[in-house]
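> Each chain, written out:
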Amino acid sequence: MSSSESALPPGFETLEPFVAGWAFDRAEARARARRASSEAERVAFFEAAQPLLAPGLAYLDQKPLDQFDARETRLMQLLLSFAHVAMAVEILGEDEPKHAEDARHIIITRAPSEA
Amino acid sequence: MNVQSPQFLTIKGDDPAGLGTGPVPAGPYYRADYFELEREAIFRRTWLQIGHVCELPEAGSFIVRELEVAKASILITRGKDGALRAFHNVCTHRGTQLVAETEGKRSSFTCRYHAWTFGSDGALRSAPDMERFYVEPKDCGLPKIAVDSCAGLIFVNLDPAPKQSLREFLGPLAEELETLPVAKATTFAEYVYEIDANWKLTYDNFQENYHLRFIHPRSGKAAGGEGNPFGYPTRFGFHGPHRTQTIWSNPAPDILPVQGFAFGKAFQFVAEAGFAQAPNNREYFALFPNFFLLGSPGQHFSHTVYPISATRSRGVIRLWWIGPDDSASKRFAREYAMASAKDIHSEDRAVIEAGQRGLSSGALQHIHFQSQEVLCRHLMHAVDQAVEAYKAERAGGAQ
Numbered sequence: 150m151s152s153s154e155s156a157l158p159p160g161f162e163t164l165e166p167f168v169a170g171w172a173f174d175r176a177e178a179r180a181r182a183r184r185a186s187s188e189a190e191r192v193a194f195f196e197a198a199q200p201l202l203a204p205g206l207a208y209l210d211q212k213p214l215d216q217f218d219a220r221e222t223r224l225m226q227l228l229l230s231f232a233h234v235a236m237a238v239e240i241l242g243e244d245e246p247k248h249a250e251d252a253r254h255i256i257i258t259r260a261p262s263e264a
Numbered sequence: 004m005n006v007q008s009p010q011f012l013t014i015k016g017d018d019p020a021g022l023g024t025g026p027v028p029a030g031p032y033y034r035a036d037y038f039e040l041e042r043e044a045i046f047r048r049t050w051l052q053i054g055h056v057c058e059l060p061e062a063g064s065f066i067v068r069e070l071e072v073a074k075a076s077i078l079i080t081r082g083k084d085g086a087l088r089a090f091h092n093v094c095t096h097r098g099t100q101l102v103a104e105t106e107g108k109r110s111s112f113t114c115r116y117h118a119w120t121f122g123s124d125g126a127l128r129s130a131p132d133m134e135r136f137y138v139e140p141k142d143c144g145l146p147k148i149a150v151d152s153c154a155g156l157i158f159v160n161l162d163p164a165p166k167q168s169l170r171e172f173l174g175p176l177a178e179e180l181e182t183l184p185v186a187k188a189t190t191f192a193e194y195v196y197e198i199d200a201n202w203k204l205t206y207d208n209f210q211e212n213y214h215l216r217f218i219h220p221r222s223g224k225a226a227g228g229e230g231n232p233f234g235y236p237t238r239f240g241f242h243g244p245h246r247t248q249t250i251w252s253n254p255a256p257d258i259l260p261v262q263g264f265a266f267g268k269a270f271q272f273v274a275e276a277g278f279a280q281a282p283n284n285r286e287y288f289a290l291f292p293n294f295f296l297l298g299s300p301g302q303h304f305s306h307t308v309y310p311i312s313a314t315r316s317r318g319v320i321r322l323w324w325i326g327p328d329d330s331a332s333k334r335f336a337r338e339y340a341m342a343s344a345k346d347i348h349s350e351d352r353a354v355i356e357a358g359q360r361g362l363s364s365g366a367l368q369h370i371h372f373q374s375q376e377v378l379c380r381h382l383m384h385a386v387d388q389a390v391e392a393y394k395a396e397r398a399g400g401a402q
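So the protein lines, in turn, are chains H and Z.
In terms of my numbering, the first sequence is residues 150 to 264.
In terms of my numbering, the second sequence is residues 4 to 402.
Keep in mind that the hints were calculated from the coordinates and are not lab data.
Source: prediction; values computed, not measured.
Where hints are given, some of them may not hold.
Claimed, not checked - A short list of chain Z residues far from chain H (calculated; beta carbon distances all over 12 angstroms): (1) D18; (2) A73; (3) T113; (4) D124; (5) K141; (6) T190; (7) F270; (8) A366; (9) I370; (10) H384.
Stated by the list, open to error - Computed footprint of chain Z on chain H, listed as stretches where at least three residues anywhere in the stretch have a Cβ under 8 angstroms from a Cβ of chain Z: (11) 157 to 169; (12) 210 to 222.
Cβ coordinates follow ideal geometry from the N, Cα and C atoms, glycine included.
Full structure from sequences and hints, please.
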């Protein structure tokens with residue numbers, strides 16, 4: 150795939166396999182993707198995205214949010230989903246399945262990231 | 004760092020609030036008759052937090068909020084004159100609920116039943132075939148509800164003639180609330196849950212730290228630490244029916260890499276907004292009856308527990324932010340702060356419901372609060388004072 154066909158900005162191609170499962174415009178959809186994921190899916194996304202978190206934000210910080218193109222928007226959405234997945238992988242670990250059962254009762258109804 | 008962390012000292016005294024140390028009756032946490040008394044004695048006559056001025060940014064903005072405990076739907080508007088007004092969301096013709104949306108912008112509200120139309124000031128502007136009625140339009144305005152704001156937070160009082168203004172009700176806490184980011188907030192994240200539990204039982208979970216190490220061993224790990232394994236507060240304060248505490252700052256929290264990165268970003272934005280050293284950064288404000296706010300500017304959240312029945316409630320948590328997301332880093336830091344707070348709250352719900360099942364069985368006559376659960380004792384005391392005063396007033400009125 151050439152960079153013009155890429156779903157993400159140059160330098161972030163390794164995150165392409167995660168776009169379909171983790172890039173969402175609503176915060177509740179990001180939380181839901183975390184709840185519905187398997188441990189293997191969470192760990193794979195976490196390990197691929199963690200090294201790209203700081204570079205990804207530095208890249209996106211160069212532009213106002215309302216001027217993002219589709220690829221930049223997708224990268225932003227992936228990094229926002231990473232915030233949710235990092236809770237599961239880095240903090241909760243083996244407690245995550247129990248947590249997911251409790252978390253489905255709490256619904257995000259609004260977030261500035263949806264604006 | 005050349006500032007030495009002071010050794011944690013548990014707040015002294017068996018009875019920090021001067022409310023006694025005895026067991027507390029269990030009935031008020033599940034009995035329907037007690038809930039009916041609370042409905043009248045508290046929720047129909049106390050200032051209740053219901054919104055924020057940033058939800059009504061301009062003339063014509065409106066919000067509608069359901070307040071089940073008062074069996075009321077409340078319409079709050081911002082008029083052309085900039086004033087906030089609150090009304091029962093009820094058409095004065097035959098009582099139909101007027102506005103179906105929860106928020107929006109409109110200069111008038113038309114009832115879908117017979118097209119009576121009201122302005123954002125509540126006045127009846129027009130009604131088809133009005134001359135056939137036996138009442139004047141000027142006498143058909145929407146029923147008014149007392150409304151006021153402090154620190155950007157909107158409060159309503161369903162008492163037709165509130166005995167105190169909002170400022171009198173909040174007392175010295177009003178000035179402290181005004182120092183917090185919420186007073187300047189322009190946006191927020193919100194998450195909501197429903198729970199099969201009494202509103203006090205639910206609320207109490209969030210005003211004691213005794214449970215943290217058991218219910219939040221991972222997500223709340225930083226709350227406790229050496230010398231203070233339970234993460235007890237460093238100060239309690241009692242202000243009429245309201246209460247405050249100062250959250251202990253763990254000098255050596257065990258922070259993980261992404262967590263440290265995200266909170267580092269958040270702290271950078273807090274500093275840029277001028278709140279790095281704000282006076283109430285570690286303060287917790289519990290406003291009677293069902294609202295609290297944590298001062299921490301990086302994770303500045305409020306939590307309102309709305310009673311629905313004696314054993315059902317709805318929690319609304321909001322993280323307050325000043326200004327829009329204006330960079331990817333700020334957007335990420337805010338999403339992480341929300342996800343982190345939500346994780347902790349997610350863990351609380353099931354154990355609160357388990358507590359309700361135990362209490363509702365009627366197995367216990369009393370429950371017990373230790374000295375570090377004194378805020379829970381204080382809430383029950385304030386509730387019971389209001390209920391007893393109401394009962395006395397009713398008995399007096401019947402003579």
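> None of the hints should be skipped; say for each whether it holds.
Taking the hints in turn, this is what the structure says about them:
Distance to chain H confirms D18 of chain Z as a non-interface residue, since its nearest Cβ pair spans about 35 angstroms, more than 12 angstroms. No beta-carbon of chain H is positioned within 12 angstroms of the beta-carbon of A73 of chain Z; the least distance is around 22 angstroms. Every C-beta of chain H lies more than 12 angstroms from that of T113 of chain Z, the closest at about 27 angstroms, which supports listing it as non-interface. The non-interface label for D124 of chain Z is consistent with chain H: the shortest C-beta to C-beta separation is roughly 28 angstroms, beyond 12 angstroms.
Interface exclusion of K141 of chain Z from chain H stands, the closest Cβ pair being 38 angstroms apart, more than 12 angstroms. The claim that T190 of chain Z is not at the interface with chain H is violated, since a C-beta of that chain comes within 12 angstroms of its own (minimum 5 angstroms). No Cβ of chain H comes within 12 angstroms of the Cβ of F270 of chain Z; the nearest lies about 15 angstroms off, and the non-interface call holds. With a least beta-carbon separation of about 25 angstroms from chain H, A366 of chain Z lies farther than 12 angstroms from that chain, consistent with its non-interface assignment.
With a minimum CB-CB distance of about 23 angstroms to chain H, I370 of chain Z clears the 12 angstroms threshold, and the non-interface call stands. The Cβ of H384 of chain Z sits about 30 angstroms from the closest Cβ of chain H, beyond the 12 angstroms cut-off, so the non-interface label holds. For the stretch 157 to 169 of chain H, the proposed coverage by chain Z is not satisfied: 0 residues have a C-beta within less than 8 angstroms of a C-beta in that chain, short of the threshold of three. For the stretch 210 to 222 of chain H, the assignment as covered by chain Z holds, since 3 residues bring a beta-carbon within under 8 angstroms of that chain's beta-carbons and 3 suffice.
The structure shown violates the earlier hints numbered 6, 11.
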